[in-house]
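Protein chains in written order, with our numbering: chain A, 1 to 320; chain B, 1 to 283.
No lab work stands behind these hints, which were simulated from the structure alone.
Just so it is clear, CB atoms sit at the ideal spot from N, CA and C, and this is done for glycine as well.
Hints are not guaranteed to be accurate.
To be verified - Stretch-level coverage of chain B by chain A, calculated; a stretch enters the list once three of its residues show a Cβ under 8 Å from a Cβ in chain A:
| id | stretch |
| --- | --- |
| 1 | 119-133 |
| 2 | 158-169 |
| 3 | 174-185 |
| 4 | 258-266 |
As the list claims (entries may be wrong) - Simulated crosslink set (DSS-like; lysine-lysine; CA at most 25 Å straight-line):
| id | chain 1 | residue 1 | chain 2 | residue 2 |
| --- | --- | --- | --- | --- |
| 5 | A | K29 | B | K61 |
| 6 | B | K137 | A | K29 |
| 7 | A | K51 | B | K140 |
| 8 | B | K140 | A | K29 |
| 9 | B | K271 | A | K51 |
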Amino acid sequence: MSLDLKFTYTEKKDTRSGFGDGFLEAGRKNPNVVGLCADLIGSLKMGDFQKEFPDRFFQTGIAEANMIGISAGLAIGGKIPFAGTFANFATGRVYDQIRQSVAYSDKNVKICASHAGLTLGEDGATHQILEDLGMMKMLPHMTVINPCDYNQTKAATLAIAEYEGPVYLRFGRPSWPIFTPADQKFEIGKAWKMIDGKDVTIFATGHLVWEAVVAEAMLREEGIYAEVINIHTIKPLDLEAILGSVKKTGCAVSAEEHQVNGGLGDSIAQTLSRNYPAPLEYVGVNDSFGESGTPTQLLEKYGLNAENIVKAAKRALARK
Amino acid sequence: MEKQSIEQLQKICTQLRRDVLRMVHAVQSGHPGAPLGCAEFFVALYFDQLRHNPDFKMNGKGEDLFFLSNGHLSAGWYSVLSRSGYFPVAELKTFRKLNSRLQGHPATHEHLPGIRVASGSLGQGLSVAIGVAQAKKIDKDDHLVYVLMGDGELQEGQVWEAAMYAAHHKVDNLIATVDYNGQQIDGPTDKIMDLMNLKAKWEAFGWEVNEIKEGNDMKSVIAGLEKAKSLAGKGKPVLNLLYTEMGFGVDFMVGTHKWHGSPPNDEQLAKALGQLEETLGDY
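Bound-form chain B, shown alone (with noise of 0.2 Å):
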């Protein structure tokens, strides 16, 4: 795929931010929140960061592969995969519908292309990107293993059996990423089950810690991103800290949780997407 400039690939982010909030209002169902926040992360990755091909081979052999653990950002992940040539734009539509591919969570039991694992139920999707990304060394296969998790999925124990197992086995050819922006359904995360100190942790559990302080501005994403490449392959595997803002790209959805899990209604609607430029063309 050939290079994108900052511009355009802003311009993508944009029209995933469109993409996500017209999916979740026409079935008044899902998370918007979370994937406004991590637009610039899924298109610095798809779009400028991974070795993949749209032609979906489920063994993802000879690629960069990406897992979503955090499945509830379903409707980013469809938004980008979509967008990057995975599957029709116009299929965003069917979004939650019954007989539908992109269902509420990702599921690989409808063949959507790009998914390789269900995840919705937290704190699975570390582990299973380890799995990949040991096949990997196995068939001393040099491309790299990614992973998002969101910040309250570290509540889940899952997660740090992962972390100390990753480490132990010198899994380095995995990047794993949270999204650092300190909310979750039921409040900020702070309130609910306090993270503490993040970076301490996953260094104390033998993780290369890579703070990506812009994670809602694209330049500074693309180097956070590059950077972790740069720390990839040195015998320690590579956790990215992305700072962002849910609801990030709406001024009234914004930093809160109250859009985590829940749509807007028709004049919300209207109003967020003034604030959105129609970029790629709606669905």
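Chain A on its own, in the form it takes in the complex (with noise of 0.2 Å):
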């Protein structure tokens, strides 16, 4: 028997395309909109931009450290740069220059990161970085977005070309369900409750927030009505709707493509423990790399899909 899913989709894209196609409106909106990328045009889907503007498009060849200073020099100059590399290497490699060229600094720039998390597959550990989240939402002055889907990723792309100030925008390789409208308006901060539920909420970001929603149908077949919400910004992260939901609700479960250390879930818990107390649940990766492998496979091995969410529904439930 097929679920009744509250989101469907027809189309399945990848949410680095979603942002390929907002840079490109912003850059066609802005002319202060520039672009940045570490030998990875292709992969970060910033072709677009650069054929259509190639003055505003710096390629700065395998040097991310470089890149990330050059972004902050532009910003310094009144650009808005989108320098676009791996997350790999758009956060760890970078730490210092990010630290103090962009977020002490307080400048306008958008580390635009893809590939997150272990759905970028089959290029295996060296590649999937689970820690980028935890490190970006350190830094004060610093905005950490993590987008769901293609139409998503291109509303938030639109957004943070808006917005003044440093940002960190993840997203990914896989592709993926388009379960979210065209049309959204992407306010940042401020978290989307996708599916009203009263026994447990979902806190979701990224990739799966569309296994939260596989796992809603599947625990309604059990008689358990979970409440979704889609927390695409990890940074600020929605306080009111956070704790508006858990006092409805009573328990929660955090669902990331991240450790578990530093990530989303780490967040809530900061956020329960000072305000409302109540019993929480994370589905990510425990303290350990990942591996090679379809995303599929990963999700399934690593404990972070729809199924997984659904047990740790059920362990939250019953801790109320």
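Quick one: dock chain against chain with the hints and give me the complex.
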């Protein structure tokens, strides 16, 4: 029997294409938008922008530290630089450059990070960063965004072009269901309650929002009504939405393609422990590196798919 | 700004040296050696070379801009900024103290006029300067971007990423300067990590290299900076190799790494100030 999903899709596409298309549109809207890429223009889907605006696009070669510094300089000169590379090289490799030249200096730089998480797939753990959200959310001044599908990523890309300040935008490689509307308005820092529920809240981010939608239908079949909240902005976190929902449901699950340590779940736990202590279960990677495999295989092996969200929801319910 | 004579500029240098020594002495921390060695460069730049406006605008459109990549020279930079009108000279007394805009290493966080990016973690300033220079090119603003780096700083890999990039992208509105004093915090650069032939290295990276052999002689620094300007706009980024002596101007501090990151005590300060005429009035 097929599941009665509250959100459905007819098409799958990678979130990086949402970024690429949003980036091109942002460039058409605002002549100050410029781009940089460290030898991954094809992978980041930045080629259309480069073709249309060659004078506003800079190939940096395989030199990410320099790319971050140049972005800070372009921002000083009044430009809105979108610096793209894989999430691994956009964070850990250049943490100090981001910290000093971008975050501490409060520069209007958009760090655009693709191929994040396990769903990068076959390239394996060297490229599957699972620590980036933690690193970025710790930086003062930094806004951290992790949209869930093509449409939301495109909307987020357009929104950050209009926001003044440093942003980390995380997206990915796999073809993924497009289940949010094309005409959505993206509000930075405003969580989106996608499905109303009363028994347990599922806070999900990135690709795992889709898994949460599937999990909600699975739980409903068993008579458990889950609320699904799409936390596309990890920082600043929408405390009101989180507390409002948990006050209603009394327990929660966090779901993210990231280490449990330092991820979205940690931020939610901090919010709950300070304001409204309630059971919270985590769906995330538990202090390990990833490995090669298909996205689906990896989400299953590392416990990040809809089935695992269902199990976590039941654990949370049992602790109420 | 009306042009000042070499003698007037030299007088500003002795005052800058006094400021630096008094600032680091007052908080018993900071880095006196390198700013003493770069006094002529700072003064020549701010009082003779830069087309700039002390009514500070972050984006610096329509101005020449300077970036200090080796942020530990902050005392010297703060002195020259205040002496050229960016903020009150009296504020120098807050250097490295709580609630000051004059942080130990330069920062934008406290909104100190003249500072456009934080520096201190080495190797980042050249990249930032290149970015600003490219923004100027997009805007068809024909002003120049200057950046100062330490020679020890060249041990950071990012500098060479930036060097490669600037030549490849023909960032020829950029004049970088290396403070070539041969010293770093643990000792002489040739003992710590030999820089070998810097001129050949930068030339191999596609830069126009301009040697300024007498980096502590005002006339020669100005002539060298004029030469650098004449080399700009010709398709290559320009690098000044500025030969200086760390600790220049104070006989017991010159030519050694020992004063790189150590302040003078009361007695040493008095002795040093005795060698430096108070020309513009101490803060």
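A quick look at each hint next to the structure:
1. With 14 residues bearing a CB less than 8 Å from a CB of chain A, the stretch 119-133 of chain B meets the requirement of three and the coverage assertion stands.
2. A stretch counts as covered by a chain when three or more of its residues have a beta carbon under 8 Å from one of that chain; for the stretch 158-169 of chain B and chain A the count is 7, and the coverage holds.
3. Here's how the stretch 174-185 of chain B fares: 0 of its residues keep a CB closer than 8 Å to some CB of chain A, so the rule of at least three is not met and the hint is violated.
4. Coverage of a stretch by a chain is defined here by at least three residues with a beta carbon nearer than 8 Å to that chain's beta carbons; for the stretch 258-266 of chain B and chain A the count is 0, and the condition is violated.
5. A C-alpha spacing of about 22 Å is found between K29 (chain A) and K61 (chain B), which places the hinted pair at or below 25 Å, so the restraint holds.
6. Between K137 (chain B) and K29 (chain A) the CA atoms are separated by roughly 21 Å; this keeps the pair inside 25 Å, and the hint holds.
7. With a CA separation close to 21 Å, the supplied pair K51 (chain A) and K140 (chain B) stays within the 25 Å bound.
8. At most 25 Å may separate the alpha-carbon atoms for a hinted pair to count; K140 (chain B) and K29 (chain A) meet this at roughly 21 Å.
9. A hinted pair counts as satisfied when its Cα atoms are at most 25 Å apart, and K271 (chain B) with K51 (chain A) does not qualify at roughly 64 Å.
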